[in-house]
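2 protein chains.
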Amino acid sequence: MYLYLIRHGIAMEPDPLASDRIANDEARSLTKLGRKKVEQVAQRLEKLEVTFELIMTSPLVRAQQTADILIDNQIITRCEVNSDLKPMGDLHQWLTNWNARSDVRNLSTLALVGHEPNLSQWAELLIFGEVGDRLILKKGGIIGLKFADDRIAIGTAQLWCLLPPKLII
Amino acid sequence: MYLYLIRHGIAMEPDPLASDRIANDEARSLTKLGRKKVEQVAQRLEKLEVTFELIMTSPLVRAQQTADILIDNQIITRCEVNSDLKPMGDLHQWLTNWNARSDVRNLSTLALVGHEPNLSQWAELLIFGEVGDRLILKKGGIIGLKFADDRIAIGTAQLWCLLPPKLII
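Same order as they appear, the protein sequences are chains D and U. Each number in this note's numbering corresponds to the 1-based position in the first sequence with 367 added. Each number in this note's numbering corresponds to the 1-based position in the second sequence with 367 added.
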């Protein structure tokens with residue numbers, strides 16, 4: 368199966384004067400430019416016939432908005448909000464939850480929309496079994512992993528694409 | 368600096384009846400489709416303003432033909448044929464020769480055109496310091512590595528793009 372890790376687009380800066388900094392961060396929206404670039408990425412994916420059977424997104428606004436744009440450009444998509452995809456989310460926790468599900472057997476393409484440095488670190492764990500901060504994932508960028516079968520496990524992935532948005536839009 | 372590792376395009380099959388199998392392999396040309404796809408990749412790179420100050424290519428015909436197509440689509444390019452880029456070429460040997468040169472200081476973009484599994488293994492060595500056969504590099508595909516300065520060394524690169532040709536053409 369193919370697993371795509373997609374970083375949200377360019378978002379508004381945090382408000383340094385916000386009284387609740389976590390709530391302020393969680394509510395940050397995509398900027399106009401961020402929205403435009405994600406739309407261009409989504410249109411390009413559609414043209415390339417890169418589709419996702421299921422999209423799981425971080426609950427943060429900038430991630431959900433990114434997922435919404437992807438969904439607008441895909442023909443068949445299920446979307447779920449998943450709190451393990453928040454910033455600082457834990458891959459092992461996500462994997463435990465994922466592997467306990469019976470409704471996602473035989474899925475061939477899954478996309479996770481989230482944040483850095485999480486996503487590139489998750490990719491490194493899935494590929495190499497350890498984190499080295501060696502993958503550069505730009506906002507709106509995509510990491511594509513390939514697994515030998517439909518099981519997602521640490522240290523078993525191959526990297527088949529790493530796409531900075533500027534190289535595909 | 369940026370180092371791009373580019374795999375040659377689709378080539379003619381080896382002749383199973385050839386009396387000299389090495390010479391036969393070295394002489395294999397790009398197919399019509401292989402040439403077309405590399406041309407599309409090269410045109411896309413030009414459009415994206417991805418340029419190379421120096422291209423080094425394996426001496427094998429299919430690699431040199433790939434390099435020639437890239438050169439045809441770049442404005443300023445120096446090209447060198449380098450035997451360390453042959454199949455089974457050794458990264459350490461190439462690095463020793465590279466680091467001994469005084470004429471390539473301050474180069475910011477270098478492309479190497481060669482073969483698999485060499486190129487993806489070289490990339491893994493430059494990124495992680497070890498080989499795990501975890502990167503998928505298709506014919507006509509590109510691995511883009513970023514170094515903190517102009518020194519290319521084992522275990523010091525970040526991966527900034529991995530481009531299967533079908534995702535950029």
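Calculated directly from the structure, the hints in this document are not laboratory data. Please note: incorrect hints may appear among the correct ones.
For chains that are exact copies, the list does not tell them apart, and a pair is met inside one copy or across any two.
Computed list of lysine to aspartate or glutamate pairs in DMTMM-like fashion (alpha-carbon distance at most 25 Å, straight line) [said to hold, decoys possible]:
| hint | residue 1 | residue 2 |
| --- | --- | --- |
| 1 | Lys505 | Glu380 |
| 2 | Lys399 | Asp470 |
| 3 | Lys453 | Asp382 |
| 4 | Lys414 | Asp470 |
Results of checking the hints against the structure:
no. : hint              : verdict
1   : Lys505 <-> Glu380 : within (16 Å within a copy, 39 Å between copies)
2   : Lys399 <-> Asp470 : neither (36 Å within a copy, 45 Å between copies)
3   : Lys453 <-> Asp382 : within (19 Å within a copy, 55 Å between copies)
4   : Lys414 <-> Asp470 : neither (29 Å within a copy, 43 Å between copies)
In summary, the structure is inconsistent with hints 2 and 4 from the numbered list given earlier, while agreeing with the others.
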